[in-house]
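Asks: Residue strings, one per chain:
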Amino acid sequence: MSEPGVAFEHPDVVLCPGGPMLLRGRHTVEDADGVPHETTRPVTAVCRCERSASFPWCDGTHKVLPPKLRPA
Amino acid sequence: MLTTAPTAVGDDAALALWVLHELHYRGFAGVDDGLEWEPTLLQVRGLLEADLERRLRGRWTPPQGLSFVDDALEWIDGQDGVSLARHVHRDADRDQVLDLLRVRSLYHLKESDPVSWLVPRLGVPAKAALMELQFDEYGNGDPNRLHHHLFATGMAAAGLEPSYDAHVDVVPLEVLEQNNTLSLFGLHRRLRGAALGHLAAFEATSSLPSRRMAEGLKRLDLPPEIIAYYAEHVEADAVHEQLAVRTIAAALLDEEPDLEADLWFGAFTCLDLEDRFARRMLDRWGVGEVAA
Numbered sequence: 001m002s003e004p005g006v007a008f009e010h011p012d013v014v015l016c017p018g019g020p021m022l023l024r025g026r027h028t029v030e031d032a033d034g035v036p037h038e039t040t041r042p043v044t045a046v047c048r049c050e051r052s053a054s055f056p057w058c059d060g061t062h063k064v065l066p067p068k069l070r071p072a
Numbered sequence: 073m074l075t076t077a078p079t080a081v082g083d084d085a086a087l088a089l090w091v092l093h094e095l096h097y098r099g100f101a102g103v104d105d106g107l108e109w110e111p112t113l114l115q116v117r118g119l120l121e122a123d124l125e126r127r128l129r130g131r132w133t134p135p136q137g138l139s140f141v142d143d144a145l146e147w148i149d150g151q152d153g154v155s156l157a158r159h160v161h162r163d164a165d166r167d168q169v170l171d172l173l174r175v176r177s178l179y180h181l182k183e184s185d186p187v188s189w190l191v192p193r194l195g196v197p198a199k200a201a202l203m204e205l206q207f208d209e210y211g212n213g214d215p216n217r218l219h220h221h222l223f224a225t226g227m228a229a230a231g232l233e234p235s236y237d238a239h240v241d242v243v244p245l246e247v248l249e250q251n252n253t254l255s256l257f258g259l260h261r262r263l264r265g266a267a268l269g270h271l272a273a274f275e276a277t278s279s280l281p282s283r284r285m286a287e288g289l290k291r292l293d294l295p296p297e298i299i300a301y302y303a304e305h306v307e308a309d310a311v312h313e314q315l316a317v318r319t320i321a322a323a324l325l326d327e328e329p330d331l332e333a334d335l336w337f338g339a340f341t342c343l344d345l346e347d348r349f350a351r352r353m354l355d356r357w358g359v360g361e362v363a364a
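Chains as they are written, first to last, in our numbering: chain A, 1 to 72; chain B, 73 to 364.
Please note that the accuracy of each hint is not assured.
Said to hold, decoys possible - Lysine to aspartate or glutamate pairs mimicking DMTMM-like chemistry, simulated, CA-CA at most 25 Å apart:
| no. | chain 1 | residue 1 | chain 2 | residue 2 |
| --- | --- | --- | --- | --- |
| 1 | B | Lys182 | B | Asp142 |
| 2 | A | Lys63 | B | Asp171 |
| 3 | A | Lys63 | B | Glu361 |
| 4 | A | Lys63 | B | Glu332 |
| 5 | B | Lys290 | B | Asp165 |
| 6 | A | Lys68 | B | Asp143 |
| 7 | B | Lys199 | B | Glu361 |
| 8 | A | Lys63 | B | Asp347 |
| 9 | A | Lys63 | B | Glu328 |
| 10 | B | Lys290 | B | Asp167 |
| 11 | B | Lys290 | B | Glu361 |
| 12 | A | Lys63 | B | Glu204 |
| 13 | A | Lys63 | B | Asp143 |
| 14 | B | Lys182 | B | Asp214 |
| 15 | B | Lys199 | A | Glu3 |
| 16 | A | Lys63 | B | Asp152 |
| 17 | A | Lys63 | B | Asp142 |
| 18 | B | Lys199 | A | Glu9 |
| 19 | A | Lys68 | B | Asp149 |
| 20 | B | Lys182 | B | Asp167 |
| 21 | A | Lys68 | B | Asp152 |
| 22 | B | Lys199 | A | Asp12 |
| 23 | B | Lys290 | B | Glu209 |
| 24 | A | Lys68 | B | Asp185 |
| 25 | A | Lys63 | B | Glu304 |
| 26 | A | Lys68 | B | Asp165 |
| 27 | A | Lys63 | B | Asp149 |
| 28 | A | Lys63 | B | Asp165 |
| 29 | B | Lys290 | B | Glu204 |
| 30 | A | Lys63 | B | Glu146 |
| 31 | A | Lys63 | B | Asp163 |
Hint data in this document are derived by calculation from the structure and do not stem from the laboratory.
Bound conformation, chain B alone:
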């Protein structure tokens, strides 16, 4: 029986956790679907997740005297992380943008899926509120409008391999950690507050950056399909950020007020991981820091 985390660190540990999480989504060709619930693998997964959660919580300081429902959007606006969208808007070259699309694909090709784990774990008002948002993410019943399908269509138009998990070999550690965190928050019912806090911060930092992305992609003459993905997020996420805070988080806290701290933890973690990812990508491209 395993009682300590495997000794792999950094990239290897993050990749191992990502592979274990993928067994719960789409799995891998040639890998037995039954391994999803294989006890030894679940144990390894648990040890790697405990290490990840400990590191994430170690970076977080709870804000004092703020109400999530009233203050989260303004608090999120005030956290000025490094902005990749600003770089793409004005300065990025085509290779950098294609690199960004490849590494973002790890999440965008399963966009919103980790959040769907939460649905059965919520009370009636929070569940209905979350589904109001998720329905839009999944195209309102029209598969052509489903967001991760829009991204795949955009990738193919840009000449990139759009198949699920095709680019895992080129992603930096920070991307694996972003994805692992979403899966950790989504798969553990106990972390439902953190998952919905993450959702709020994710949506609240999407609308204006998506506009910059769309403008940057136009500047570089990328195909309309990938521009359309970002254009869709300008308006969709202007709605979703309001829903995430004012209806979903409010309904959650109405039933489970003790989850407020985890809402903040999730929101902070989303922004923190994105800032670390942005710094890594600018470093990889040899570009100096770009203000938010």
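Isolated chain A, as found in the complex:
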């Protein structure tokens, strides 16, 4: 139950098993070519399988990969 005075977990970075990295807040993510990408949402999903057509953002592509190609 929610107890007043008790801090809830609310991490800035969440690694989703087999899926993206969630990033809370405003950030600039630099890709492998040194190109900066600004986040625009309260929470952004950053691609970890490296196969997203919207790289560096997640587009759900990890779901169609065989399990061994998905991020840990």
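Since chain A is already given, all that's left is putting chain B on it; use the hints.
Replies: Just chain B now, kept in the frame of chain A:
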């Protein structure tokens, strides 16, 4: 006093329930706003809703031995329904796509609104988690980015009437049932688990299909505004599906573990209704079944 459902069946019953639900959203021009809480209408609404819920629960079998938070996304991926997005991507013609946009508008023009009913009914962590997602649906404070506004803008650019409820006369029964189910889940506090399960399945089956929709619309030279609606959902829903399961459902279950079965019921119902809708549309267009 009414004690049994009106004898209307099928389309008429679904349309009646949809009209009654609309009194709780935007109402109708020329209809008294006070009818929203008119006891006889609420009674009819209750009887029609009970019938709908009974039919939905009758189609559902609870999965065994799975945890919603750990297994829902993979379970949802494994439910291979018929895919309209795949048809739009490769094969649909312009008339079919415009037909699809018209019938989808019944929900997309009030996208996320049924979910907003849930906010006051949740504990602190689940409420904050749901608002993190809903804020994005509503454009993060920018009306130009509000999702149902993006859809209306896209419809207008495609030459379709974008006003709220303009296309109710052309929607099949399955669309009315999808909308009625969202309203049923949203309006009844007791069904908050089903509503959040539905949300999880809805978001988890949006990202990749939205990419296919965007590609199909490009192939058919539809205007950039409607393509932008689907492009927005590729990235937004890749986030939302994770939030719906890992933060919202997890927070709900932390406080109310007894709602796990209803989370599954809601998720199943979302996929089941979409599969039935997709089959109906392919049939209406004279197209054979398209695999997921």
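Asks: For every hint, state whether the structure bears it out.
Replies: Hints, verified against the model:
no.	hint	result
1	Lys182/B to Asp142/B	violated, 30 Å
2	Lys63/A to Asp171/B	violated, 29 Å
3	Lys63/A to Glu361/B	holds, 23 Å
4	Lys63/A to Glu332/B	holds, 24 Å
5	Lys290/B to Asp165/B	holds, 12 Å
6	Lys68/A to Asp143/B	holds, 17 Å
7	Lys199/B to Glu361/B	violated, 40 Å
8	Lys63/A to Asp347/B	holds, 20 Å
9	Lys63/A to Glu328/B	violated, 29 Å
10	Lys290/B to Asp167/B	holds, 14 Å
11	Lys290/B to Glu361/B	holds, 23 Å
12	Lys63/A to Glu204/B	holds, 23 Å
13	Lys63/A to Asp143/B	holds, 13 Å
14	Lys182/B to Asp214/B	holds, 16 Å
15	Lys199/B to Glu3/A	holds, 14 Å
16	Lys63/A to Asp152/B	holds, 13 Å
17	Lys63/A to Asp142/B	holds, 15 Å
18	Lys199/B to Glu9/A	holds, 14 Å
19	Lys68/A to Asp149/B	holds, 17 Å
20	Lys182/B to Asp167/B	holds, 23 Å
21	Lys68/A to Asp152/B	holds, 21 Å
22	Lys199/B to Asp12/A	holds, 18 Å
23	Lys290/B to Glu209/B	holds, 24 Å
24	Lys68/A to Asp185/B	violated, 39 Å
25	Lys63/A to Glu304/B	holds, 19 Å
26	Lys68/A to Asp165/B	violated, 38 Å
27	Lys63/A to Asp149/B	holds, 8 Å
28	Lys63/A to Asp165/B	violated, 28 Å
29	Lys290/B to Glu204/B	violated, 31 Å
30	Lys63/A to Glu146/B	holds, 8 Å
31	Lys63/A to Asp163/B	holds, 24 Å
In terms of the numbered hints stated before, the structure departs from hints 1, 2, 7, 9, 24, 26, 28 and 29, listed from lowest to highest.
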